[in-house]
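K.L.:
Work out the full structure, taking the sequences as your base and the hints as a guide.
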Amino acid sequence: MPSLGADMESGTLIAWHIAVGDHVAKGDVVAEVDTDKSVLDVEVFATGTVEQLLIPEGKRVPVGTPLAIIGEDSGATTERAPAPAGPLTAAPVPSAEPAPSLARETPPAGPRTPAPQRSAGQPAASPLARRHAEALGVDLAAVTGTGPGGAVTTTDVERFAGSRADRPPRAPSTAPAAPAIRGPEERPAAVPLTGPQRQAALRSAIGASMARSKREIPHYYLACDIDMSSAVRWLDERNAVLSVTDRLLPVTLLLKASALALRETPDLNGFWESGGFHQADGVHVGVAIALRGGGLVAPAIHDTDHLTLAELMVRLRDLVARVRTGGLRSSEMSEPTITVTNLGDQGVDSVFPVIYPPQVAIVGFGRTRERPSVVDGALGIHPMVTATLAADHRVTDGHRGAVFLTALERLLQAPEDL
Amino acid sequence: MDEQSIREIVLRVLGEVAPEVDLATVDPHDDVREQLDLDSMDILNLAIGLFGETGVEVPERDYAQIVTVDGCVDYLAQRLAPPA
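So the protein lines, in turn, are chains U and H. Heads up: the first sequence runs through residues 1 to 418, numbered per the working numbering. Heads up: the second sequence runs through residues 1001 to 1084, numbered per the working numbering.
In short, the hints are calculated from the structure, not lab data. Please read these numbers as outputs of a predicted model, since none were measured by experiment.
Covered stretches of chain H, going by a simulated chain U footprint (3 or more residues, C-beta under 8 Å):
{"#": "1", "stretch": "1008-1020"}
{"#": "2", "stretch": "1042-1048"}
{"#": "3", "stretch": "1056-1064"}
To give an idea of the chain U side of the interface with chain H (calculated C-beta under 8 Å), a few residues:
{"#": "4", "residue": "Asn-239"}
{"#": "5", "residue": "Thr-245"}
{"#": "6", "residue": "Arg-247"}
{"#": "7", "residue": "Arg-292"}
{"#": "8", "residue": "Gly-293"}
{"#": "9", "residue": "Thr-325"}
Backbone N, C-alpha and C define an ideal beta-carbon position, used for all residues, glycine too.
P.N.:
Below, the structure is given as structure tokens:
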């Protein structure tokens, strides 16, 4: 079970798309997993033949649990060139969790018995759930665990804290409050969460992630007003002669310029893991996309810095559609190396964003609007946008952040080069 | 194409752009961006959807005219009307 988000502890295998004997290639969608936040298409990490499916449909298992055994093809077939649709360069999985779960080395583990060491009165719980309980002042012993083997998850802790505070109880998880290990045949069928349940789960996940961010990451914030005259003019002229299907939205310029500026400040592009910074190999910008019912997700556009604006626009339209109708891929959820949030449509001038752990920076854009501005000693009226950066002080200082924003400003003055 | 058919197209496209929306509750005079929480990507998708259904290209400078259902219907009706 891959980690499909920093705070994901377990996932429910909704459906297999493969059977024993099938040949799969790295990047193929092999299963659907419900992370509570959303149902994702899980891609395989290896190329080979499916030898065994270890987890039945409908079963909820912790992150790191082997899902299947793939016999790798002999030779270097796993080095297959990445598919053009989405190069799966090996970006680090942003999680402290163990290794890929779909790999050759995977032992055909017998019925895995998640029985964490614990003494009487100390319920099983992940370290994250324990920290969470501590932060919320919740006694773990009083919480009914819905995780594997009755382990207490962060969601359980939050649900308990919520009900204790006399707020309306959160929607129940589809997982049973299993007091004991149950056989796969006793597992409930895979039932997707209902709308309100999904909403509650998503809100809870965002809450947990942002609470962790505010608790652990020493943010610093910078802002910069950027003159968008050239960009707006260039975009208007370009869109005027293009068919409606080929038009670009201004956000594509902001995304591309951000991705290119990151090449100059790679220390903002990566993950804080195991007590240190790990710079990412590629620039995979996570785009914060709001869901109309509330909540947001920020899946990655892979290799943003290498895409043309037209390609970026196609990817963005596709991503927004899939965020709203389903079909996000596991690599999109697990691999953003930085996030960009654009609240320009909502009419705010600036946003002071919160970093998504384990990322180390996030870029925000407000709306582009005409403001009085001095250029070359003359007061004029220019379309301006305020760009903000929140970054992790454990990795960079304000000076590096300023280098990024300055590069961003410079790049947006030459939109034709983006 | 009569106005009723155009209205049906507009509502159908709007339903595709915002599948979560109950179209029966849409006020035809109100700005859909505020009513339905639509952003610039949604308006672009609305323009693309209308183009696909009717062949009418809405230039960017005319987007302001298609942000209400009634405005959209009028806009298309004018451009789909047979030359007088």
